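J.: Given the structure of chain A, go ahead and fit chain L onto it with the hints provided.
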Amino acid sequence: MIKTINAIMVFTSIAGLVGVYALKYSVEDIASDKAAIERKIDRQKGELSLLRADWSYLNQPAHVAPIVARHQAALNLVPIKQEQFGLMGSLPMRPAAPDTAALDDLLNSLDAGIDPIQQLIEAN
Amino acid sequence: MALISEASILLDGGRVSRGNLTKARIRWVIVALLLVFGAVAGRLIQLGTTVNDATIEGVARDVITATRPTLLDRNGLEMAVDIRVPSLFAEPRRIVDIEEAVTKLRTVLPELDEAWLRNKLTGDKGFVWIKRELTPAIEERIFQLGIPGIEFVTESKRFYPSGREASHILGGVNIDNQGTMGIEKHMDDDDLALLQELGIARDQALTPVTLSLDLRVQHAMYEQLADSLIRYQAIAASAVTVDVRTGEVVGLVSLPDYDPNDPGSINAEYRGLKNQRFNRITSGIYELGSTMKTVTLAGALDSGKVRMTDQFDARFGVRFGRFTIDDFHGKHRVLSVPEVYKYSSNIGTIKIMQALGKDDFRAFLSKLGFDKGVPFELPEMRTPKVPEKFSEIVAATASFGHGMSISPLHMAQAYAGFINDGVMLPVTLLKRSEAEAAELGTRIISPQTSIEVRSLMRLNALSGSGTRMNTYANGYRAGGKTGTAEKVVKGRYAVGTNLNVFASGFPLDDPRYVMVVVIDEPKRESPTTGTTAGWNAGEVTGRIVQRIAPMLGISPDFSQMLDDQLVPAAIR
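Top line first, the protein sequences correspond to chains A and L. Per numbering that gives the first Met the number 0, residue 0 is the first one in the first sequence, and the count goes up by one each step. Per numbering that gives the first Met the number 0, residue 0 is the first one in the second sequence, and the count goes up by one each step.
Mixed in with the good hints there might be a few duds.
Straight-line C-alpha distance at most 30 Å; calculated DSSO-like pairs for lysine-lysine [unchecked claim]:
id	chain 1	residue 1	chain 2	residue 2
1	L	K273	A	K44
2	L	K430	L	K366
3	A	K33	L	K156
4	L	K103	A	K39
5	L	K103	L	K124
6	L	K184	L	K357
7	L	K489	L	K371
8	A	K44	L	K384
9	A	K44	L	K371
10	L	K388	L	K304
11	L	K304	L	K384
12	L	K357	L	K371
13	A	K39	L	K156
14	L	K130	A	K39
15	L	K130	L	K156
16	A	K44	L	K430
17	L	K489	L	K384
18	L	K366	L	K388
19	A	K80	L	K522
20	L	K430	L	K388
21	L	K273	L	K522
22	L	K156	L	K22
In short, the hints are calculated from the structure, not lab data. Note that the coordinates shown come from a computational prediction; the quantities given were computed from them, not determined experimentally.
So here's chain L without its partners, still in its complex pose:
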């Protein structure tokens, strides 16, 4: 018993010690398990917090592969599309044999500088561009080389199928596909950049942007202006066509220009000048000469202080201190309002402006938006120069378009308002329906004055300075005003260097379009022709109208009745 009990004590002691051992083992196992699970958890946390570097030289990959919306003209023809092109990059830390990589790459791309390439591929960087925007054929050949660490990424490249024809409207993008000029810049400033940053703008899923432009009209205008540069040896030519009912710009050309597909052409020279970027319609501000007379007369007629039947004494020049303002081809007799317009009398226009009053005249210019840049999509815009307050002499010169500078777009917008029953619409490059436009208009003159202005414009085409335009645009009831402004060279007006303008509208019986054509420093076409605006800007307008009117759905009508209605016998 004692043995047993002794044994049981022993056994008991053994059990206790075994139990202790087991407890210790369990503890160790728990510790080991905790360590293992801790390691797993730690690794998980580590993996979770690792930020994957998805940037390429600091630019997110999504931004580089991001697409831009297709730009369409008003008829759905593509003006700017994205094409997907391969770009070559290297991961230097993965390259095994740099010398081999350099030699092999240069067999396909011999234009790469050897030292430059070696320098690029050496080091521990994760990403370097080698050459961007290659062709699929070259991509295939480089793939065949099988160099480790040399890869491709598909980038979006902007392509402008219309080439030069709409360069100033479209603008351009840089190699990262960000808009730098024109409507491309406008879209980025708007909201596209944000979309791209968020990575939404991918896979060509963006809704196309429809512009107000009509590519056929744009082409006809481009062709005629390019022709005018040769025909009149002008240094520059530009034109804009606006739909008066909606304010949409259907054509806008400024020459010289550049090729948006070839950014290098921006820096090309044209007749010794580097100004291809310059959009003469929006960012050029000029003294637009006698085309301002339409503005002066519209303001005066609308005020009721001047009537169409009024007579103005244009026998003698108007004196301001030392200066006398006279007429260019003066009649030097008493002129009626239509005659003042038809003969483009400076004296008559000053008298009409004085009848309106210089402060009212200045207020009318503000009403037309001549104080600030035209609110327009294109970022290329300059503030016009119109004096804050008019003195007697400044008001006098401004009444016939001197001493104040505005852009041709200002003039087009104002003319559009004059002939659109007096309702001026803000011009736009985006497609707009007549219903949308209806809410945006501001009344600048009464419908009655609008009819009178149209009579004057048509009268000028029938028997004034616009007759040369009318011979070409015959049947389309076009009419307008010429402006021949001597350019300021070295601080004084230079004889023989003119800026010629023709501002017109058609068809004036049912106004649809306004066009402003500016020809810079034209020469005589032949010894028998002249250098005033009717001979060049006028003729160009006529040729353009002749081509574009049928495209815009305006059919010619030769009936005398229309002209009799437009221009009553009383004012002829």
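Chain A with its partners taken away, still in its complex shape:
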């Protein structure tokens, strides 16, 4: 009887020992993994902060304005004038029915080989 109890106790303690050590090592492993991930997060946060700073720098009017100035001649850019603004209210109302007569005229003249729109563009 005592022998059996002793044997059980010895086995339990060995099993316990193995279990505790296994747990200890796995915890250490997880802890080092965690530390590695934390380091990585930290590094990536640092990189992210630099990228964000870059992004906001590139979006600044102070950064965009010199670029505009550099390409002003090539792209023919000029500041907008007050006269160039319009209001929706100042647009003419849509005609009640399509102007069929004018459309026929346009198609006829296109058939005849005259493009009034092209002429307008050339005249300007």
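T.: Leaving out everything else, chain L in the frame of chain A:
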């Protein structure tokens, strides 16, 4: 039996003595166990009470790695962000070979002084900074050296993507990331320092702070003012734009300025002067000249003692003892109130102030908050100089903006109140909605007087000193008042050195914004132009309005009807 009994006695004696021995052994074991457990307990207590020294040269590690909230402009564009940068430190007590460490470090950082570095690394200290705020590339190279006792800590560094453009608003931080100027200082004084101390302000988890500023407007103002410094060879230029409905400052520029990313630029010189730090809008107090006439007229009209149709005799200068105050470009005839404003008549303004009464005039200035600094987020603020009690002559000069000094921000706040139906809102740099603003307003003049003041301002743009402004800002219904004040040099007014001001509002049919532009000591742009405010401060205002009005959602309108409504034919 006797033997046995003898033996049993012997045995008995043996048992007793064995029992005694056992008891003694148990006692010793208990003592030994107590000692062992006592040692364990003692060690535990010792470990428990050990304070880990987490400070770096007296500053908590958390404070150094603490972040500051991102600053955004009103449209969500970043104006100040934190970037995480490595900083190099050493633990001298862990360094094995100092000479080797010094030589190796100097291969990567040759700018470090050899003797200084050796001195730093020698000794038994636990922590010394070697170089702060390095780049990740340098960090990598120093890692490669593999010197024991040389380590890195990630610090937060403040970066201002907008560079110089909003320098005076943002202010700056020191190397420990604590605000030293501007809104950064304000945030620290507020509650950020406390958060950092508690270690909460970490890991960029702070809510961003949204400012009232519009970076596009700020940029346009900055560009135009920088241009004005060259165009008029002025020594300084500054401007502020305020939303009249909420009191929000949408743009504030003061030149010369500095680069908040490069603290050394604060001490740079501009035309022989070292005043880059100086915010002319908040901490500059000036005699703002004729722009004060709007204030005088608003007060007089609001009191009911003066009406728009009243006439004032401006034929002769006003005499105060030995002094005679005359008009700059005088008409020397009887002028109506709108004419007094349009021709900027000093005599007329004095007469209007006298009709109001000097004590009422002084009380009106108090109502506008001209007695003390504007309650504002920026710590750079100076108390205005307005005499406690006005004598006849001081009241007379003050009515056209001399003998009292206020900041341009005071003027902007008052003008905003005049055109916002007479309700003045405290100016702010933080975003504020119209609903929030509604509770903060104070009535300074009646809505009727507000309409009259707007008529006067628009009239001045149509046919007075603001016409040059209006040619640029055409269509945006802008109007305002010029002020050309001779500067006091060595105790007397110096002819030719002017401080030129233009205080304006737009669009005056539905007021939204107020702008005050100050140009310090401008020269003629060309021989055919003048040096008065209309030629420089006025033109700059016009150019700025032309650029920023579309950004602020104001569309141009050229209809004559609007101007006819704003400026009735009766006062033209």
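J.: Decide, hint by hint, whether the structure agrees.
T.: Hint check:
no. : hint            : in the structure
1   : L/K273 - A/K44  : violated, 39 Å
2   : L/K430 - L/K366 : holds, 25 Å
3   : A/K33 - L/K156  : holds, 26 Å
4   : L/K103 - A/K39  : holds, 27 Å
5   : L/K103 - L/K124 : holds, 20 Å
6   : L/K184 - L/K357 : violated, 40 Å
7   : L/K489 - L/K371 : holds, 26 Å
8   : A/K44 - L/K384  : violated, 50 Å
9   : A/K44 - L/K371  : violated, 46 Å
10  : L/K388 - L/K304 : holds, 21 Å
11  : L/K304 - L/K384 : holds, 27 Å
12  : L/K357 - L/K371 : holds, 20 Å
13  : A/K39 - L/K156  : holds, 20 Å
14  : L/K130 - A/K39  : holds, 23 Å
15  : L/K130 - L/K156 : holds, 14 Å
16  : A/K44 - L/K430  : holds, 28 Å
17  : L/K489 - L/K384 : holds, 18 Å
18  : L/K366 - L/K388 : holds, 14 Å
19  : A/K80 - L/K522  : holds, 28 Å
20  : L/K430 - L/K388 : violated, 37 Å
21  : L/K273 - L/K522 : holds, 21 Å
22  : L/K156 - L/K22  : violated, 71 Å
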